[in-house]
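K.L.:
If you want the building blocks of each chain, they are given just below.
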Amino acid sequence: MKKFTYVFLGLMLLLALAACSNGSGGAESDGGNAGNEESGGSETSDTVETGEVDTSVEATGDEDVVLEFWIHQTGEDETNAYIELIDGFNKEHEDIHVNAEVIIDDGASAYSDSINAALVAGNLPDVMAIDGPYLSSFADAGVIQPIDDYVDQETVDQYVDSIIQQGTYQDQLYSLGAMEASVMLYYNKDILEEEGIEPAHSLDEAWSWDELLENSKKLTTEDRYGLNLFMNYGVGEWLTFMGAPLVWSNGGDLISEDGKEVDGYLNSPETLEALNYVKELFAEGVVTESPGEMQFEEGKAALALGGPWIAVSAEEAGINWGMMPYPYKDEKVSPSGSMAYAITTNTENPEEATELMKWMTNEEATIKISEATGMPPAQESAFESMDKFNELPWSVMKEQVIETAHARPSTPAYPVLTDAFAQSFHAAALGEDVESVVEQQVSRVERELKRFNK
Amino acid sequence: MKGNDSSAEKLENERHFHQTAKQPQLKPTPPPRKKGKLKSQAFREAMTGYFFLAPALVLLGVFLLYPMGAAFYYSFTDFYILTPDDVSFIGLENFKYIVEDAQFRQAFWNTVYFSVIVVPVQLSVALGLALLINKKLRFRVFFRTAFFSPVVMSLVVVSILWTFMYNPNEGLINQLLQTVGIPPQPFLTSPDQAMNSIIVMSVWQGAGFQMMIFLAGLQNIPNHLYEAADIDGASSWQKFWHITLPGLRNIALFIFITISIAAFKLLVQPMIMTQGGPLGTTKSLVYHIYETGFNYRDVGYASAMAVVFTVIVLVITIIQRVLIKEERG
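These protein sequence lines map, in sequence, to chains L and W.
If you count the first sequence from 1, position 49 lands on 49 in the working numbering, and the numbers rise without skipping.
Plus 1000 on top of the position in the second sequence (first one is 1) and you've got the working numbering.
Chain W extracted, bound-state conformation (with noise of 0.2 Å):
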């Protein structure tokens, strides 16, 4: 009884629901009240709707929105932590400053640099790490889950132990390259290095996830094309470029633009191993936005440089997605 009640009661909640979607056209201004027992219906149906999304609309509203919002009013004000009361309009002032800023130049172009680093060899590792796995190797299992596992880790600590272990003194990989007659190097003290290091361990960090998500992509591939290319007498490389390759277009697509957008983002490895150093060689944008916001309270600059950065970042995806449509048609 219970079952028919309920799929009784599906079939008319369907119902409202069409009747709903083509009320408004019929009537453009139907108060819900006078609409007698089905429109007061539909009315609660949509508030009950609303009141689902509601949480998740409160949490965007306040966190996501709000803050984007104050960013970009307060990117063209004087905003100094320490008198929140004394905020004057300065117009364009800090977008000037930002062209002049020698910091932010250098921390933009330490950004591109890692970002173009990180991106191919993030991606190529972690569909290396993927095709490896997806053989049948003994142990793969355990393979997959300490790839993996990097990833679930916190970059924070992550960060902290490989400052340890590029220490030039005590450092895990000095001694090693000691043991094969290396000398010990500088790796985050050296401003040739310091960046270089970090890309590496970026990659170590990052590349186990884009791996699963490569290694997903292929086993969707069907096995029966490489059954047909193996009875054409396809070497392992051609299967590759002529099965795997294209079978994981879109897949690698997505890993691209995620990559290139975390990679833009950099600020956890050289907040914690550097400190934006040497010289400033791995101060990234984010970071420095942090520090002057921050460190140094101009909030009103900060927020200036925030607004340019989130320009770039959809500059760099709007390139992205037009060369993605491109490929496709």
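Isolated chain L (complex conformation) (with noise of 0.2 Å):
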């Protein structure tokens, strides 16, 4: 009996030294909220978590209006950048205030899990980020509203097309973004040197379907793959980010341009054909469903399908890399969209807090939040005053986006859409029977759908 005691008291001191170790983890956010507020001036926290940010910028209480913000954080060096603009627009205008709340964006449901939580409890605050695509239903539900009224064509044209297509329900603008995102095809410049094949500089050059299926052959060997299309990131907005624009290309759709049928659009011959490109890259054996998470910074890839945050590690890995623009087949387009901000209908100042959207959001602000992330910026200008976007490799990125750049489609059933798609896409990475997949995925779409079509 006494080995008993023992092995328990072991277990307690166990969950004992757990329990400290969660207490310390609240104690640490609260710490960084602390040691904010000691460093004055333009200096921020280094670590951000969940919970009010302190800005450097005290209200007055002379303020008329005080606006609540909501943003999104996916990493300390983004979060720096949107501190210091909030406090550089506090300081700009004296009548109006931002208090604003950081909330963890994890890539999965923790930011949405946050705003369904206050949209059900009536306290959403008058600013939010949100996600690009799930713009729609939002606007549909009558969550956010729209922002024509304090926004003039002027403002309307320095953003590229995508982000205000991205922005737009039913020919009404909703949202303004501050970051764009991309997907381009990363080689490796070694190896496509051994190999003897020319990697496309520009948009004119890109490669078209049979010349990355030809290529990536060529390029897999023993203990390489040709080709990487991130598949270890899950099934999920990855797949319908990175694989619509093979839809796109191909002349197809993932549904109806109203955002309302479905039937002819998920399960239309065009969209099979990019799904059974998909499958054909998988089953030559090119491209693997379980790639290792650094497989093209490795060299374990020789090409790569993947978002701006590629060339941040690749060149991090130390590897000669560069990149190419999307593949094509008839048309060329390109992925789009990110976070983007939005105004709810429950706040009492649209104009003020449009105001706050335009700065955070502005040439000034979309380089700062670019320098900071490695996102490609949101307003033409900005390209042209950043050097780096003006010689190669990142040149591509720029012509891509500004030229090819093609929102995800815009219908308030976009959440379950993007999982049919991506359920589809997966199936043909596996090898399923396309056709029956994606038969059963829209009818699930369909079912949705019925919701807002009544």
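I should point out that these hints are in silico values taken from the structure, not numbers from a laboratory.
Don't take each hint at face value.
In silico BS3-like pairs for lysine-lysine, Cα to Cα no more than 27 Å straight-line [said to hold, decoys possible]:
| no. | chain 1 | residue 1 | chain 2 | residue 2 |
| --- | --- | --- | --- | --- |
| 1 | L | Lys-279 | L | Lys-300 |
| 2 | L | Lys-260 | W | Lys-1096 |
| 3 | W | Lys-1239 | W | Lys-1135 |
| 4 | L | Lys-332 | L | Lys-388 |
| 5 | L | Lys-454 | L | Lys-260 |
| 6 | W | Lys-1096 | L | Lys-450 |
| 7 | L | Lys-279 | L | Lys-218 |
| 8 | L | Lys-300 | L | Lys-217 |
| 9 | W | Lys-1096 | L | Lys-454 |
Chain L is nowhere near these chain W residues, computed Cβ spacing over 12 Å in every case [stated by the list, open to error]:
| no. | residue |
| --- | --- |
| 10 | Gln-1041 |
| 11 | Met-1068 |
| 12 | Ile-1081 |
| 13 | Val-1121 |
| 14 | Ala-1252 |
| 15 | Ile-1257 |
| 16 | Val-1308 |
| 17 | Leu-1314 |
We put the beta carbon where it would ideally sit given N, CA and C, even for glycine.
Two chains, two frames, a set of hints: combine them into the complex.
P.N.:
Below, the structure is given as structure tokens:
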């Protein structure tokens, strides 16, 4: 019996330790905020966790308008850039004060869970960051409001087309974004040189589907894949973001333009052909459905269809890399869309709220955020003033964002639609019968659409 | 003096207690105020009782009864998270769709498959470990702690660790397999293997807890039974079959029921390790309900599925209860 006691004592100790580590986690977040108060000027704390942000400009109490503002967090540099911008806004506008709250965006549902909870409880902020393609569902439900009355055409024209396309629902503008995103065909220069394959240096030279398949085959060896599609990100938004341009390039679509019909779009011959092209890539063995985290960076894949963040990790890994435009079939299109801001119907000050949105997405802001995140900016002029985008390899991304970026479908049923497409894409990758999977997914989306097509 | 006082008080309290218990029978509607000191004291005691109960009752009400009631109500509505003010009653529509929903069907059979495999396997592994550890081996305290430690870890952490271990390229398990000449296995990315991989991990994580309970049971079996069996010349197999197992019967049944219910509530492992994939082969019922409610915002339909899920678990529990009773008789 004594031994039993020892075991249990040991366990209690373990439990206590676990509890302590939880406790210190909570304390840290408080410490982060407290530390922030001490640091003056434009300096910001280096640990920002979920919760209210202590910006360095205090409210005086005389402001006519106080705005609640929710921003998402994916990394420290990005959050610090936001805080600097908010401080700037508060300094510039004596009659408006912004209280910002940071919510962790884990790439899964943490951020949208917070929005959902606030929505049901009826305490959404005045302005919030939302993921681009989800805009339609918020707009349709009357959660956010159009901003056409507060934004003039001149301002609208400053943004790249895809950001305005993403922010528009039923011909009304709802959101402005500071960030674009894109998917490039990254390549390992050394490997391509070895195999004697000439990469594309501009949009005009972009590879076609056939070229991608042929070259990937040539680049595949015993211990190396020709291509990486980052299937390790899981079956989620990535597959729609990265994969949908294959459908568009082939003249297909995921859903009708008004976002109300899915039968005849998600299961159209063009869509199926695109999915079967994906199936062929996997069947030829040039790409794997379970790549390692760093497959491209470790030189175990010669090509990679990845987001702007791959440029950052490839650079860190010290490989000799370059980027090409997204491969095409008929029309050249490329992925687009990122987090953007919108005004909720809760706000009593839509004009001031729009002012904040414009501030957070103006040229200066978009450059600052682009530098912090590595994502392309959302204003055309920003591309001109950032040197990096005017020489290879980044010039390719600039060209692509300005000329071929295509926003994801605008439909209130987007959450189900994107999963339907991702499931179909994944089924193609696993070599399943694409037609039957797609039919099943179509009926799923149709049920969801009934809710909105009343 | 103090001791005397308190024991006297205790006696008095007990007397009050008995009187209170009897009083209602004698006088069905006694107005507490007018019944003098004695009655009002009884009333106060009852209030004290409720006062101590209150925290538990409030918590139960707020976090269990209210959500259950709300889910039941929402299951008959089209509650969509984005339009919380526009909820309309749609009768049995949600329940009708459950019958048609291919994903629900797949999730149901996945969950049944998981439970049917996990319950017996985990039960036998736990018993096996308990038997091993009950032997007078060296380092048995170490083993006991080692086998139990996965239980203490958070299931989320364990799931993430095993996801790394199952990785086809860099994963520990595949590295080990390769050293003995077996090619890397797509544990979590192949529709044929994913659920089985999750089962292995779940048994490893869960068995330690049941092992502890079995161990307690084993130590309750009187040693003289084994000694008597030794004298009769029983083999160790006979001893296990005729002494150990019958001695553990009640504990085994308890464990059987708890594992079954826990297995049916499978959520964390597929959520963290596979997101229900590949091709929905690891999507469990609870995960399907979670996704429908939070990712697709369809709280109405998710609630309907939750109601059906509760009924399923209830039926399973009742069946098990009935079987146990029959065995007792």
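K.L.:
Against this structure, judge whether each hint is valid.
P.N.:
Right, here's what the structure says about each hint:
no.	hint	result
1	Lys-279(L) x Lys-300(L)	21 Å, holds
2	Lys-260(L) x Lys-1096(W)	24 Å, holds
3	Lys-1239(W) x Lys-1135(W)	14 Å, holds
4	Lys-332(L) x Lys-388(L)	23 Å, holds
5	Lys-454(L) x Lys-260(L)	11 Å, holds
6	Lys-1096(W) x Lys-450(L)	15 Å, holds
7	Lys-279(L) x Lys-218(L)	18 Å, holds
8	Lys-300(L) x Lys-217(L)	14 Å, holds
9	Lys-1096(W) x Lys-454(L)	19 Å, holds
10	Gln-1041	41 Å, holds
11	Met-1068	18 Å, holds
12	Ile-1081	5 Å, violated
13	Val-1121	24 Å, holds
14	Ala-1252	21 Å, holds
15	Ile-1257	24 Å, holds
16	Val-1308	18 Å, holds
17	Leu-1314	28 Å, holds
Of the hints listed earlier, the one the structure fails to meet is number 12.
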